[in-house]
Amino acid sequence: MTLVLASQLPALIVLLVLGTVAKVATVRSGGEMGTLARLGPAALVPARIEVPVLLVCAVGELVIATGLLVSTSPIFRWMAVVFFAMCTYVLLEVRRRRPDAGCGCFGEVSTAPVGLRSIARTMVLTGMAVLSLWAEGPGWQVFLQPSWFVAAGVVVLLVLSPELEEMVDRLRYRAPCEQRPGPAVEVTLARLRSSGPWRQHREQLATVEPYDSWRELCWRFFAFERRDGADVVFAVYLSGRRPAVRVAVVEHEGNGALPVYTPVSA
Amino acid sequence: MGYPSVERRRVLAAAALGREAGVPGSGEGDPLRAVMGDILDISPHLIIIETPEGTEERLVIAPWATAWHGGDKAPSDLPVGSTVIMRTLRDGRVVERLWADITRLTGTILSVEGRKDLSVQLDCGPHRGRRTIVIPYRATGRIMVRHARFEPGFLFDAIGIRKGEASLALLPATSQPAYPARAVPAPPPAYGGLQSRVSGTATWSDVFDEEDRGAAYPMVERSDVDCPDAEVSCTGLPYLAIGSMLQVRNSCTDRSANVPIVACGCVAGRFCDRCVECDTSPRGRIAELSPFSYVELGGDLVKGCFNAQIGLG
Numbered sequence: 012m013t014l015v016l017a018s019q020l021p022a023l024i025v026l027l028v029l030g031t032v033a034k035v036a037t038v039r040s041g042g043e044m045g046t047l048a049r050l051g052p053a054a055l056v057p058a059r060i061e062v063p064v065l066l067v068c069a070v071g072e073l074v075i076a077t078g079l080l081v082s083t084s085p086i087f088r089w090m091a092v093v094f095f096a097m098c099t100y101v102l103l104e105v106r107r108r109r110p111d112a113g114c115g116c117f118g119e120v121s122t123a124p125v126g127l128r129s130i131a132r133t134m135v136l137t138g139m140a141v142l143s144l145w146a147e148g149p150g151w152q153v154f155l156q157p158s159w160f161v162a163a164g165v166v167v168l169l170v171l172s173p174e175l176e177e178m179v180d181r182l183r184y185r186a187p188c189e190q191r192p193g194p195a196v197e198v199t200l201a202r203l204r205s206s207g208p209w210r211q212h213r214e215q216l217a218t219v220e221p222y223d224s225w226r227e228l229c230w231r232f233f234a235f236e237r238r239d240g241a242d243v244v245f246a247v248y249l250s251g252r253r254p255a256v257r258v259a260v261v262e263h264e265g266n267g268a269l270p271v272y273t274p275v276s277a
Numbered sequence: 003m004g005y006p007s008v009e010r011r012r013v014l015a016a017a018a019l020g021r022e023a024g025v026p027g028s029g030e031g032d033p034l035r036a037v038m039g040d041i042l043d044i045s046p047h048l049i050i051i052e053t054p055e056g057t058e059e060r061l062v063i064a065p066w067a068t069a070w071h072g073g074d075k076a077p078s079d080l081p082v083g084s085t086v087i088m089r090t091l092r093d094g095r096v097v098e099r100l101w102a103d104i105t106r107l108t109g110t111i112l113s114v115e116g117r118k119d120l121s122v123q124l125d126c127g128p129h130r131g132r133r134t135i136v137i138p139y140r141a142t143g144r145i146m147v148r149h150a151r152f153e154p155g156f157l158f159d160a161i162g163i164r165k166g167e168a169s170l171a172l173l174p175a176t177s178q179p180a181y182p183a184r185a186v187p188a189p190p191p192a193y194g195g196l197q198s199r200v201s202g203t204a205t206w207s208d209v210f211d212e213e214d215r216g217a218a219y220p221m222v223e224r225s226d227v228d229c230p231d232a233e234v235s236c237t238g239l240p241y242l243a244i245g246s247m248l249q250v251r252n253s254c255t256d257r258s259a260n261v262p263i264v265a266c267g268c269v270a271g272r273f274c275d276r277c278v279e280c281d282t283s284p285r286g287r288i289a290e291l292s293p294f295s296y297v298e299l300g301g302d303l304v305k306g307c308f309n310a311q312i313g314l315g
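Chains as they are written, first to last, in our numbering: chain R, 12 to 277; chain A, 3 to 315.
Think of the hints as simulated: they come from the structure by calculation, not from any bench. Even glycine gets a Cβ: it sits at the ideal position worked out from N, Cα and C.
Cβ-to-Cβ under 10 Å is the rule here; a few derived chain R residues that face chain A:
1) THR122
2) ASP180
3) ALA186
Counterexamples of contact, computed for chain A against chain R with all Cβ distances above 10 Å:
4) GLN123
5) PRO128
6) CYS229
Here chain R stands alone, though its shape is the one from the complex:
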């Protein structure tokens, strides 16, 4: 019986820590796209306290998780029960008042509108927290002696998590390179400098710093001036660790020469 009672502590602790990390990551990535306004508790409060509400939520989760992990004090266990019961209420409220808002349980991964599964999950979690009230040892002991009950709890939670499908979808339907934010200019420049075409042309360049750089679709272009006045332009593909690099030397327009094409691939 003791096994059953304590068995759900690991699942609760891991979920609470994941929730904290995901919420803090969402806040840090700056909710400027307005993602915050469509997430769980933040959807219910005025815009200026959205970030504090999410952070308070995250800190609360972390405190409860640490408490459950290291102590047997009933305070933390009751806090967990109250927290998950409150979550259930908040989700019901979000579903009623903002049917378009996501639950925000795991930050911006949980942007899908709150469904019955999310609500069922918080109810199951409340039940698990209630079970754990009577557990004997602190949470870390259960981590050391895992049982089938732990696995069963995790499976139930996985089945009730809409975030899993969301993550699979994100991997499957990832935005194409042309629509994804690219790596920083410095990173691309470093990749260019370790490429073959760069070594071929480096000697002839007037300076090693580009005078112009721009991104178009999946390519980043760097324009350099050559000692004889012509332009050397490198195009670096933005995806992959050793990207394709193309280069062309273009004479200045003034002398009427046509561009000289010397495409080289890395």
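Given chain R's structure and the hints, the job is docking chain A onto it.
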């Protein structure tokens, strides 16, 4: 890193990738030309203007021509001294549509003051600064009915006229998006990979240089254009640069033109609205054109948008 010459970028990029460099200009069809100037004299059949270069030009007004100056007018009723943009046929000799002192007021509402005539301060983006506009009492009804959240933080888009130093907003240019300006919805997942052509709405803005032909495009890298508000759009747009050539097609008139990107469209990207000019367009402003490009693509400045399709020129 500045951008020394946008044309140069096009040549260099084309050379590096071994493709043809696009050339600005319109495609097939009877070409329209936009002409701009200050009215020196106007009669029912002839208009004399002074162009921004200082030359005087005489143009014939077509019998079917219509004019706009805060409302539909007969061309001969336009006041002398006003600035007109005209859509012309036959190499810019015959005028068929005139817009006098027209201006577009697009931005985020910062403050609203006044009881009858409203004075609104707009944030028009990092490059364009702030602008104070006036909504005269007679226009408040039509504008407010399309701007349900008339409060700071929400978007505003209207068409009006310039009167001396002041800008008067007279017509709503869109139905205001329901979200705050900083909460633009994310683009839908790219199920089909990258589309070679993207549909949406194309609008115009009068903050370009006079007689400039170009477009502002939302999806440009922030570090390239030094604009913290770029890279926001609710349509799956590919990244392009200032200097890239955009092929814009007006789906309503079936005209297309190659338009260079000359600015960062950070305000346009925040509007996730539709254009209902000839049909209902998909959501999202994909390009904000200069008045000249917009008129030459067959758009009506008073309507404020046309259904458009863009591709890389």
